[in-house]
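Chains A and B, in that order, give the protein sequences. When we follow this note's numbering, the leftmost residue of the first sequence carries the number 1, and every step to the right adds one. When we follow this note's numbering, the leftmost residue of the second sequence carries the number 114, and every step to the right adds one.
Hints in this document: simulated from the structure, not taken from any laboratory. We put the beta carbon where it would ideally sit given N, CA and C, even for glycine. A hint or two may mislead.
Taking lysine-lysine pairs in the DSS-like style, the calculated list, with each CA pair at most 30 angstroms apart, reads [unchecked claim]:
1. A:58 to A:112
2. A:22 to A:68
3. A:37 to B:191
4. A:37 to A:22
5. B:155 to A:37
6. A:57 to A:71
7. A:22 to B:170
8. A:68 to B:170
9. A:112 to A:37
10. B:196 to A:22
11. A:37 to B:170
12. B:196 to A:42
13. A:112 to A:68
14. A:68 to B:191
15. B:191 to A:22
16. A:71 to B:170
17. A:42 to B:170
18. B:191 to A:57
19. A:37 to A:58
Part of the chain A face toward chain B, derived, beta carbon under 8 angstroms [stated by the list, open to error]:
20. 34
21. 37
22. 44
23. 46
24. 49
25. 52
26. 89
27. 100
28. 102
29. 103
30. 106
31. 110
32. 113
What the simulated footprint calls covered on chain B by chain A, stretch by stretch (three residues with Cβ under 8 angstroms from a Cβ of chain A suffice, anywhere in the stretch; the number is not a length) [said to hold, decoys possible]:
33. 154-166
34. 219-227
Here is what each chain is made of, one letter per residue.
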Amino acid sequence: GENVEQHPSTLSVQEGDSAVIKCTYSDSASNYFPWYKQELGKRPQLIIDIRSNVGEKKDQRIAVTLNKTAKHFSLHITETQPEDSAVYFCAASFLTGGFKTIFGAGTRLFVKA
Amino acid sequence: EPEVTQTPSHQVTQMGQEVILRCVPISNHLYFYWYRQILGQKVEFLVSFYNNEISEKSEIFDDQFSVERPDGSNFTLKIRSTKLEDSAMYFCATERVQGRGGYTFGSGTRLTVV
């Protein structure tokens, strides 16, 4: 079945350092890859996304890369700040009858001041 | 910014009871989804709904679950006979155009089955 693997499960960085979270997906029909940030007790919120016809996308301190051949995609956060601390979920979406999004298991990011 | 509203925010129910979770989508959104998140775990797809029909469902979405949009505004998830393992956070998600721009998630309903 469809699966999204996400690593690492926990990531601790010093404020100002970069953080990288990596995901792989199994279904080659996946064509849309959103990333969500979830703070404790709150809903997931979309922070950036990338489509299968693009290799890289950047939005200020956040960037996402996609390697369709290898079925890998990654989130890069530069100049991390304490408020970046949260759980980050990658996801892969595809059409199958309806539209379905499979989430990774999440990465708990701690940014130490 | 428009929001997806979910009620109740927290529901405690006895095992075997029926529960209905409600979602009010953003007004011009056409595609609706239910996801659940067991505490500390990942977000899991339950069902997608469009044009008053289920378009996709997961293995979790068995005969105990049903969805409907009875009045054209509320989008509901019903669990007929709750089990302890149904305890989770349930998120409604909506989007205006399928597969464009990510979901807008509701604030969630925490379901506790005792």
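Against the structure, the hints come out as follows:
no. : hint          : verdict
1   : A:58 to A:112 : 24 angstroms, holds
2   : A:22 to A:68  : 14 angstroms, holds
3   : A:37 to B:191 : 28 angstroms, holds
4   : A:37 to A:22  : 14 angstroms, holds
5   : B:155 to A:37 : 12 angstroms, holds
6   : A:57 to A:71  : 16 angstroms, holds
7   : A:22 to B:170 : 27 angstroms, holds
8   : A:68 to B:170 : 26 angstroms, holds
9   : A:112 to A:37 : 18 angstroms, holds
10  : B:196 to A:22 : 35 angstroms, violated
11  : A:37 to B:170 : 24 angstroms, holds
12  : B:196 to A:42 : 24 angstroms, holds
13  : A:112 to A:68 : 33 angstroms, violated
14  : A:68 to B:191 : 38 angstroms, violated
15  : B:191 to A:22 : 36 angstroms, violated
16  : A:71 to B:170 : 24 angstroms, holds
17  : A:42 to B:170 : 24 angstroms, holds
18  : B:191 to A:57 : 39 angstroms, violated
19  : A:37 to A:58  : 16 angstroms, holds
20  : 34            : 4 angstroms, holds
21  : 37            : 11 angstroms, violated
22  : 44            : 5 angstroms, holds
23  : 46            : 4 angstroms, holds
24  : 49            : 5 angstroms, holds
25  : 52            : 11 angstroms, violated
26  : 89            : 6 angstroms, holds
27  : 100           : 5 angstroms, holds
28  : 102           : 7 angstroms, holds
29  : 103           : 4 angstroms, holds
30  : 106           : 6 angstroms, holds
31  : 110           : 15 angstroms, violated
32  : 113           : 25 angstroms, violated
33  : 154-166       : holds (count 8)
34  : 219-227       : holds (count 3)
Checked against the numbered hints given earlier, the structure breaks hints 10, 13, 14, 15, 18, 21, 25, 31, 32 and satisfies all the rest.
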